[in-house]
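K.L.:
The primary structure of each chain is shown beneath.
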Amino acid sequence: MKYKFDFGALAEYWPQFVDGALLTLEMTVLSTVSGLVVGTLVAIGRRSENKLLSRLCGAYVETVRNTPFLIQLFFIYFGLASAGLRLPVVVASVIAMVFNVAAYTAEIVRAGMDATPRGQLEAADSLGMSLPQIYWHIILRPALERVYPALTGQYILMMLSTSVTSQISAEELTGIANNIQSNTFRSFETFIVVAGIYLLLTLILKAGFWGLGLALFTRRRRLGTSL
Amino acid sequence: MLAQPFTLAHVGYMLNGVLWTLALSALAFVFGGIAGFGVMLLRISRFRAVRIASLVVVQIVQGIPLLVILFAVYFGLGIFGFQVAPIIAAGVAMMIYSAAFLAEIWRGCVEAVPRTQFEAAECLALTRWEALRKVILPQAFRLAIPPTVGFMVQVVKSTSLASVVGFVELTRAAQIINNSTFQSFLVFGIAGAFYFAICWPLSAWSRTLERKLHVGRH
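Same order as they appear, the protein sequences are chains A and B. Residue numbering for the first sequence follows UniProt numbering, beginning at 1 and increasing consecutively. Residue numbering for the second sequence follows UniProt numbering, beginning at 1 and increasing consecutively.
For the record, the hints were derived by calculation from the structure and aren't laboratory data. Please note that the accuracy of each hint is not assured.
[Unchecked claim] Residues from chain B that keep clear of chain A, each with C-beta distances beyond 12 Å, as calculated:
{"#": "1", "residue": "Phe29"}
{"#": "2", "residue": "Ala53"}
{"#": "3", "residue": "Glu122"}
{"#": "4", "residue": "Arg133"}
{"#": "5", "residue": "Gln139"}
{"#": "6", "residue": "Ala174"}
[To be verified] Which residues of chain A face chain B? A few of them, derived with a C-beta cut under 8 Å, are:
{"#": "7", "residue": "Ser34"}
{"#": "8", "residue": "Phe78"}
{"#": "9", "residue": "Ser163"}
[What the hints assert, rightly or not] Derived coverage of chain A by chain B (criterion: at least 3 residues anywhere in the stretch with Cβ under 8 Å from a Cβ of chain B; other residues may be distant):
{"#": "10", "stretch": "52-66"}
{"#": "11", "stretch": "80-90"}
{"#": "12", "stretch": "180-193"}
{"#": "13", "stretch": "199-210"}
Cβ atoms here follow ideal geometry from the backbone N, Cα and C, with glycine treated the same way.
Whenever a hint applies, use it, and build me the whole structure from the sequences.
P.N.:
Here's what the structure looks like:
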């Protein structure tokens, strides 16, 4: 085998790599925040006394968790287009990502909520707290703290799955890579570089989430205990 | 250009895609499992250097999207002069991906076996390999079944990405049909339903197994 690696051909494309990485990060942040909000609402709906609402939320979570993201993306992007609604690819991608990650978030957050000790609920009740108060102070915030590691792990996986949106030609990192490799014919090198960038993004996100955890959950740090 | 009507023949074409999805999933799971078992042994090695090196490799694989692994394998094997069939490229990429995740899942299960079991095995003068084979792994195996079945769902869903290198599994089949019928909601809805029909029983089974496991503990 005689193959000469030539990373030099890629050097002039570095601004594009940066643009792609930035778009990947933007899409990730946007869908993390929206996914957390929607997912938490779904988790609350799933725990609701209302059978219909609970069933509906359960069906949504199961549907999303048991079908591939690529199919969900195609369904939303091409489906809406065939119904006459042409969304820009990035918008369609973010909608699909929120739709996807909210279901995983709901499942994780629900597990955290279900782990609330009964005694705490009874104590809150006897203090005369209202249902929204109980939800916010006793159930939701400790639940988020409890499942924080699982949640951030899920969001890092989601950052990686933004690569799938290149299939509807979103110009994020993988989409950029596809363009560059068809210009330079340096396919293998391009994807090695892109793999390296993704790895870097993963590390940045991990560090960011760790720092955010320290800043958000001061009680754990003060007391040195886990929940 | 006129859109073709969607017919039963299209559903048949998708069913054919389902078979390839299942075949690729099985391939990825079997070979990924074998490789993952090896990596898991490295992750619990007695030698610190081996543990760290395997940890780094696993973290690298888990920090790269499967899609990028897939492209890298596809183009990478290409430059070695192999004319790679899409199923080989997809199979190798899926194997690497599954191996990394299965190794971590199984390592967790092995480490969940109480340390005293290791110590007792040592007291009985079992070698490390004997201790693993006769004492630790049988116990870890029981713990490992529910998360492993859960991961199978992940594998089946991930095979949809093999469509990008032109491997005609369920997703690619749906794309091809969509290109001629333009009935996107219907086509991808049916494809999604097929995936659901494969994955949901696995998810449910995994949950049942997990419940059974916890019953024994109380």
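K.L.:
So, for every hint listed, does it hold in this structure?
P.N.:
Hints versus structure:
| no. | hint | result |
| --- | --- | --- |
| 1 | Phe29 | 16 Å, holds |
| 2 | Ala53 | 16 Å, holds |
| 3 | Glu122 | 31 Å, holds |
| 4 | Arg133 | 31 Å, holds |
| 5 | Gln139 | 25 Å, holds |
| 6 | Ala174 | 7 Å, violated |
| 7 | Ser34 | 21 Å, violated |
| 8 | Phe78 | 4 Å, holds |
| 9 | Ser163 | 4 Å, holds |
| 10 | 52-66 | holds (count 4) |
| 11 | 80-90 | holds (count 3) |
| 12 | 180-193 | holds (count 5) |
| 13 | 199-210 | holds (count 3) |
Hint check: violations occur at hints 6 and 7; the rest are consistent with the structure.
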